[in-house]
Every structure is written in C-alpha cells, then in structure tokens.
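Undergrad: Chains as they are written, first to last, in the UniProt record's numbering: chain Z, 1 to 245; chain Y, 1 to 291.
Derived by calculation from the structure, the hints in this document are not laboratory data. Just so it is clear, CB atoms sit at the ideal spot from N, CA and C, and this is done for glycine as well. Keep in mind that a hint or two might mislead.
[Unchecked claim] Which residues of chain Y face chain Z? A few of them, derived with a C-beta cut under 8 Å, are:
| id | residue |
| --- | --- |
| 1 | 7 |
| 2 | 8 |
| 3 | 135 |
| 4 | 163 |
| 5 | 167 |
| 6 | 186 |
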Amino acid sequence: MNRLVIEGLHAGYGAVTVLRDVSIEVREGEFVALLGTNGNGKSTLLNTVLGLVKPTAGRVALEWDGRSVDLTGLAPHAIVREGIAIVPEGRRLVPTLSVTENLLLAGSSPRGRPAIDDNLAYCFDTFPMLKERRAQLAGTMSGGQQQLLAIARALMCAPTVLVIDEPSVGLAPIVVGQVFEAIAHLQETARLTILMAEQSFFQAVDVASRAYVMSHGRIIRTLDRADGAIDHAEIRRAMMGVAAA
Amino acid sequence: MILELLANAISTGVLLGCIYAALALGLAVSFGLLHIPNIAHPVFVVTGAFAATVFNAMGFDPLLVSLPLALVFYGAGIAFFEFYSRIYEKRGESDTMQALTLFFGVSLVIETVLVMQFGADQRSTDVDYVGQSLTLGPVVMPYRLLIPALVAPVMVTALWLYLKYTYAGIAIRAVAHDERALSVSGIDPGWIKRHAFGIAAATAAISGAALVIVGPIDPFAGRMQIGRAFAVVILAGMGSIPGTLAAGILIGVTEALVGAFGSPSWAPAVAFTMLLATLAFKPSGLFGAAR
Ligand SMILES: Nc1ncnc2c1ncn2[C@@H]1O[C@H](COP(=O)(O)OP(=O)(O)OP(=O)(O)O)[C@@H](O)[C@H]1O
Ligand SMILES: [Mg+2]
C-alpha cells in the first residue's frame, strides 16, 4: 500500500517536548485532516515531517511503489525532492520575487525540473488568477492570493504527498471557502494525496476522508468517513473538550 | 580650454567609475545579495591582480588568462564560504561583528602571503596597448583605462542576465530573504549561498586583471578600495547589479570633477561623502528595492 507513515514521533524545541508518540498514516489518494486548536502541535508535526523540526524519536517514511524511503533526519529540501511538498504556516513565499519566479524557484528543484513547463502551465490553468498576476511581486498580493500561490508552488515540486498547514489562517471566511474549494478540486482532479492541518474544522471535515484530532501533542482521536459520516458535534467535543481541560 | 578639461575629466571619470564597478561587483553579490560583509573582497581582487601578473610574465594576456583563473577563484570562494559558514553561521545567528573580524583577519593573512611571495614592491603587467590612447576630438582615452573599463559593462550585463533569467539566479536573489522559502521549494539554501559566494570570488579574478592593467599595484592596494567598494554597493542599492555600474560611474565622474576643478587631494573623500549622503537621504540607494 502506498502511504506516508509516521511512527512514534517525538519532537520539540530545545528542552520543550511538543509531540509525544505521534503515529499517523496518509494513504494514496486520501485527504487527511489534522485537527486541533491553537498550540496543540499541528505545525510542529507537519514541520517535523518536512525536516524543518528535528525529531527526538520515531520515524517518518514514504512507502511508495514498493520503495520505502526513510525521511527521518533528511534536510528539508531533500525531503521535498523525495516527494513531500508543503504549503507552510505563514506561506513562506519570497515577497521580492514575482509570481512566476516563486513558481519557477520550486519548479527548478531536481524533482520538478523535467516537467517544469508542464507544471507551470498546469498551475496557471488551475489558478487563472496567478496567470493574470504572473509578473506581480508575491509580497504585494492579498492573503488569499498568496495562499493560492503557496499551493501552486507546492504543486511545482511535483509532490507525491501534499502537506498543507492551516490554509485558512488570516483569511476572510469567503476566501477560506475559495481556498478549500481549490484544494478539494485539486484532490479530485489530480488524485492528490493530502495531509492538511486545520482548526476551522467544519470546512476541513467536509472535504476530508479521514481526520486525526490532536491535543497537547498527542493524537487523541481518529475519525474515518468509511465508518459513516464524520460527526461535526463529536469532533467539536473532542477538540474543545480537551482544549478546555 | 575649460570645455576640453571638462570633457576629459568626465571621460576619465567614466572609465575609472567602470573599474570601480568591476571591483565592487563581487561585493554587490556577497554583501548586497547574501548580506555577508566581505571586507576581504578588495584583497581577493588584488590576489587576482597578482595572479594575472604571474601569467602575464609567461606571455599571456592578463584579461584572457583571468577567465580560467575565475574558475579557480570560484572554487576557492566555495571552499572559503564553507569554512566561513562552518565557523559562524552554524553556531546560530550569524553575528556581523564576528564576520567582520574574520574577514579582516583573512585580508591580513592574504596580504602577508602576497608579500612573502612577491615582496612589498609594486607589480605591473606588460601589454601592447599600454601607453597608447584613443583620441576622439578633444577627448583622450588611454587604452590602459579604456580596455579594463570595458570589462565592467560586460561583467555587469552577464551577471545581471544570469541572476534575472536562470533558475540559480532566481534562487540567489531569494536566499538572503528567507532560507526556509528555498528549503520548502526543494532548493538547498546552503548550496545556493556557496555558489553565489563562488561567483563573487570569480569576479575578483577578472577585476584584478583589469585593475593591474590600469596601473602597478602592491599587496596592500586593496585597502584603499574597501570604502569605495562599499560606497558603490550602497549607492547602487543593495543587490542591484546594473546599479553597481551606475554608482561606480557616478563616483568616478564626481571624483574626476573634484580632482580637475577642486583639488586632487579631495578626491579620496568623494566616495565616502556619497556613501554617507546615501545612507542619510536615500538608504535604499539609486536602484534598491525597499526591503
Ligand atoms: N519555534 C518554536 N520554539 C519554541 N516553541 C515553539 C516553537 N514553535 C511552536 N512552539 C510551541 O509548540 C507548541 C505547539 O505549537 P504548534 O505551532 O505546533 O501548534 P499548532 O497546533 O500549529 O497551533 P496553531 O493552530 O496556532 O498554528 C506550542 O506550545 C508552541 O508554543
Ligand atoms: Mg500551526
């Protein structure tokens, strides 16, 4: 089975441990949501998957097409080259580069390079707004536009698994809807495998096939659409109940 | 008469300014784009000049031989950057004072090595065109200035095109802004910085050859150029490559005019005055994007 697997992961910052024994998996074609309120370790988990935070224990591996690549301890750019692309918290675009340049930067990494022209055309087809604004500096775009650019940039890396960290942060509700639509559309049309952290869980849950609920650095619940509809009230209880405790 | 003096002052200023731009071009990359205060860059240039004299003594044209030398300097620049980043950047936040101290120390070491190898005397090159001039009406341009001056627009154009249109160039323009933005794009920021620093060092081989055609130099010739090189980069606007040429020429012409109509002894103060004025009134420089 093709999947991204995270096993027994512990990670933190200096003396502070944030993640405690986190194990999750993301199977091919799945849209997995990682839910949790502020400060429960969602970004820490995603950043550890990308090598931006170093784990103290556990492993991250990409098992795909009969090959198992251990990602634990690799540098972030090496992990991206293995096929994990991220839309990071805060987007991390280069504000002084144009839209096209931001896309080409990611597209020129060894993994995306062979198909860079096709990938760029695909991004411009998928997000016509980016095509219209291709010469605009990324730093001068609105938050929602930047979020779409960050998603397109991740696509330029030709990812096997797309990791998205809270795409709704700082966006007006209507823009959040548009961003989620774009992600759901991508997932359907390109059969992308997605792991997305989110706390505005109503929208997230509607598009996700599975969800993990995270609290205080642990996974406290797993919800699977295959077990029946994912119950909003139940998730709310899981997220809020523990957050309040 | 006065017009002739003016025309010649301007043309000499333009030619000198081009040479200043060539000297500062590597600094425009290391300081302007990478934000590394490489005060050793002028000494790199002097090293390039001495390398050119060695091969010129064997009968090679200094500018032509500087092209293969640039490759050697590129490699040396990468090795040196690796050393620098191991020592300073990996300790955490890079500290400008520590970096300045390191580069100052490196300058002294290189100067000492040059003195040990070549003595403290001046060295020069022997090329056919030295001593001849191009005369255009009232303007007389000695080839020993004109030929090296032409190096600057060529290098500036090549570097500008490289930074603007190649994938590596885009990454070099981005790396000082946010290394993590490169990492998540699948680009190794460490490699991009090494590569860029190597390019900065490579320009020193070519600028050094240009410098030693202009006139004889000694191992300490870099010291006089440090202030002027930083003035060019800051007046240009941090990281602006075409701006380097404009700023170099502006400083060169101003120096020549001050020298011709004021007193030649004021000329050395020109670059520094312009540097201070830029910092006071337009810190982003002539062509700098507000960062
Ligand atoms: N760079 C850092 N250094 C030290 N502690 C950090 C750092 N980043 C996050 N933390 C701490 O780790 C914990 C988890 O933070 P994290 O950013 O992973 O949460 P999150 O679930 O993504 O929250 P949010 O929804 O607000 O983005 C928090 O207590 C936070 O204070
Ligand atoms: Mg977060």
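Undergrad: Which of the numbered hints are not met once you compare them with the structure shown?
TA: 1, 2, 3 and 4
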